[in-house]
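Undergrad: Top to bottom, those sequences are chains H and F.
Anchor point for the first sequence: position 60 equals 60 in the numbering used here, and the numbering is continuous, going up by one each time.
Anchor point for the second sequence: position 122 equals 122 in the numbering used here, and the numbering is continuous, going up by one each time.
Hints listed in this document are in silico derivations from the structure and should not be mistaken for laboratory results.
Computed from a predicted structure; not experimentally measured.
One or more of the hints may lead you astray.
Straight line, CA to CA, 30 angstroms or less: simulated DSS-like cross-link-like pairs of lysine-lysine [said to hold, decoys possible]: (1) K85(H) x K58(F); (2) K182(H) x K3(F); (3) K45(F) x K170(H); (4) K57(F) x K11(F); (5) K57(F) x K67(H).
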Amino acid sequence: MFNEREIIPKVINGDFKAFDQLVKQYERLVYYIILKLVDHKEEAEDISQEVFIKVYNSLNEFNYQSKLSTWIAKVAYSITINHLKKSKSDRFTEYPVNIDHYHFTAENPEQAMIEKDKSAYINHLIAQMPYQYKTVLTLYHLNEFSYQEIQEITGMPEGTVKSYLFRGRKLLKEKLEQYLKKDTMKLS
Amino acid sequence: MKKLNDDDIQKLVAEGVTAQQMESLSAEDKIDMEVYQLLFNELEKEPEEGPSFYFSKKVNIALQAQIKPRSSNQFYMTVGLIFTLSIAAAIGILILIDKNYQTEFVAMMISWKWIILFGIAWFFAIQYADQKMLMSKLPAHRR
């Protein structure tokens, strides 16, 4: 059973076994947040490694005001955003586009392949969304953080988090609806 | 006829809709509800692949490689200091015992100079190779 109150002082004192336990406990949380933002497995693993080294070096700054998972997610989010900014990636846009008028890329053979699998299709759509939407959708649904925790992790006001979440889901629902209609037509 | 907007439906799906509530919905709302339910299920699904099996080991290797240069520098400085102090102490003691030892000691050091220099160079070469090996296990951007 992982007890963060026991593990943290050990890690601060340089206990590598305790740190190994900490990494095993949170590796999926960190990896999934990063993977959804960078959409590249190897890159996600390299950044995850960087996150845990940062966690090791800064753990003495953790003040138990939040859950350790929230604090680690905040480190992961901040390092990934910096990474996207540095790589001047088109995945990073400071000002989110108006999602109500958002257009996904036009259909191509690769997309047609993806559309055969519902889960792959939804992941493909999420990968194309602005990073603010991907972040809140992942943190809320996959990592099960509350609105307040997402606010703490990302620094976005709670109202903005709720708004991104609602609009992101609405957009995905509309695309999924079209997908299901197409699928039903193919079957009939 | 559609009665609920997307906001209402998202809230209902998030909170969990009862059979009674479901019955009272219009046909259009029921379809929307089902699509949202499907979307929520998909969003909650973990990706098929997680981090690699040895991920925590890799992190530990990278961390130790980062910490080691700092402790290695301290180690080299300590070894260098001990070595210099030992030679100085040996010369000092020998001079105190007999002044003739001074010239004998210096002569010995001169005659063994290549072996001593080779020993020191060998020691640092091993340390350097060890560092190189650790660094090669790090991802390219962290070297």
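Undergrad: Determine for every hint whether it applies to the structure shown.
TA: Hints versus structure:
Using a Cα cut-off of 30 angstroms, the hinted pair K85(H) and K58(F) holds, with the two alpha carbons roughly 26 angstroms apart. Restraint check for K182(H) and K3(F): satisfied, since their Cα atoms lie roughly 25 angstroms apart, inside the 30 angstroms limit. The straight-line distance between the Cα atoms of K45(F) and K170(H) is roughly 18 angstroms, inside the 30 angstroms bound, and the hint therefore holds. Proposed proximity of K57(F) and K11(F) is contradicted: the alpha carbons are some 42 angstroms apart, above 30 angstroms.
Restraint check: the Cα-Cα separation between K57(F) and K67(H) comes to about 25 angstroms, which is no more than 30 angstroms; the hinted pair holds.
Comparing the model with each numbered hint stated earlier shows that hint 4 is the single one that does not hold.
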